[in-house]
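Number of protein chains: 2
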Amino acid sequence: MNWTQILGITAGLLTALSMLPQLIKTLKEKKAEDVSLKMLVVLLLGITLWIAYGFVREDFPIIVTNSFSFFLNITMIYLRKKYKHGDPATEKT
Amino acid sequence: MNWTQILGITAGLLTALSMLPQLIKTLKEKKAEDVSLKMLVVLLLGITLWIAYGFVREDFPIIVTNSFSFFLNITMIYLRKKYKHGDPATEKT
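Sequence order for the protein chains is F and V. Just so you know, we're using my numbering here: the first sequence kicks off at 81 and counts up by one. Just so you know, we're using my numbering here: the second sequence kicks off at 81 and counts up by one.
Heads up, a few of these hints could be off.
A pair counts as met if it fits within one copy or between any two copies, since identical chains are not told apart.
Capping the alpha-carbon separation at 16 Å, the derived lysine to aspartate or glutamate pairs in EDC-like fashion look like this [unchecked claim]:
(1) LYS110 / GLU138
(2) LYS105 / GLU138
(3) LYS164 / GLU113
(4) LYS161 / GLU113
(5) LYS164 / ASP114
(6) LYS111 / GLU138
(7) LYS161 / GLU109
(8) LYS162 / GLU113
(9) LYS161 / GLU138
(10) LYS164 / GLU138
(11) LYS108 / GLU138
(12) LYS162 / GLU138
(13) LYS161 / ASP114
(14) LYS118 / GLU138
(15) LYS162 / GLU109
Note that these hints are calculated values from the structure, not bench results. On a predicted model such as this, the values are computed, not experimentally measured, just so you know.
Next up, chain F with everything else stripped away, as it sits in the complex:
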């Protein structure tokens, strides 16, 4: 692996990992009403096209890191749907 690939993978890991705090925050607070579902869906589409672009350009860092982003994003969409109106079990009465 050369320095260019290391730079690309670091960049991709950071943009992928940027989803993680939101994911953890949502898991912890069991609410995500302020998180835009539209954002997550547009992002998923963009990530999918980046993976396609990576294959066309034979760009290893783009393919690998966006596949990871894809996985995190799908998870976040699931949580957003689950906790849209907060978790009824932890709701303040």
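Got chain F; can you put chain V on it based on the hints?
For chain V alone, kept in the frame of chain F given last:
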């Protein structure tokens, strides 16, 4: 511009625009307490490295679209700081 570049720019525009609904939602509701600041900062760092990677690879779509993402992300960080605890002017009493 060839098809590969169009694919890359479309991918980049979508991942950049994925920030827009969150930005509009925050502007409209004047609250962003569920939006993770850590996420925004990690993302900004990742975007910066993507721009560097784009220059090294001489990859035009990566440079252009990530520069746009950079601008949107900076704006979102500003709004997140401004509306962290909701806008006092619209606070329910």
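Each hint, compared with the structure:
no. : hint            : in the structure
1   : LYS110 / GLU138 : neither (40 Å within a copy, 43 Å between copies)
2   : LYS105 / GLU138 : neither (35 Å within a copy, 37 Å between copies)
3   : LYS164 / GLU113 : both (5 Å within a copy, 15 Å between copies)
4   : LYS161 / GLU113 : within (9 Å within a copy, 18 Å between copies)
5   : LYS164 / ASP114 : both (9 Å within a copy, 12 Å between copies)
6   : LYS111 / GLU138 : neither (39 Å within a copy, 42 Å between copies)
7   : LYS161 / GLU109 : within (14 Å within a copy, 20 Å between copies)
8   : LYS162 / GLU113 : within (10 Å within a copy, 19 Å between copies)
9   : LYS161 / GLU138 : neither (35 Å within a copy, 39 Å between copies)
10  : LYS164 / GLU138 : neither (38 Å within a copy, 42 Å between copies)
11  : LYS108 / GLU138 : neither (39 Å within a copy, 41 Å between copies)
12  : LYS162 / GLU138 : neither (37 Å within a copy, 42 Å between copies)
13  : LYS161 / ASP114 : both (12 Å within a copy, 15 Å between copies)
14  : LYS118 / GLU138 : neither (30 Å within a copy, 32 Å between copies)
15  : LYS162 / GLU109 : within (12 Å within a copy, 22 Å between copies)
When held up to the earlier numbered hints, the structure conflicts with 1, 2, 6, 9, 10, 11, 12, 14 and fits the remainder.
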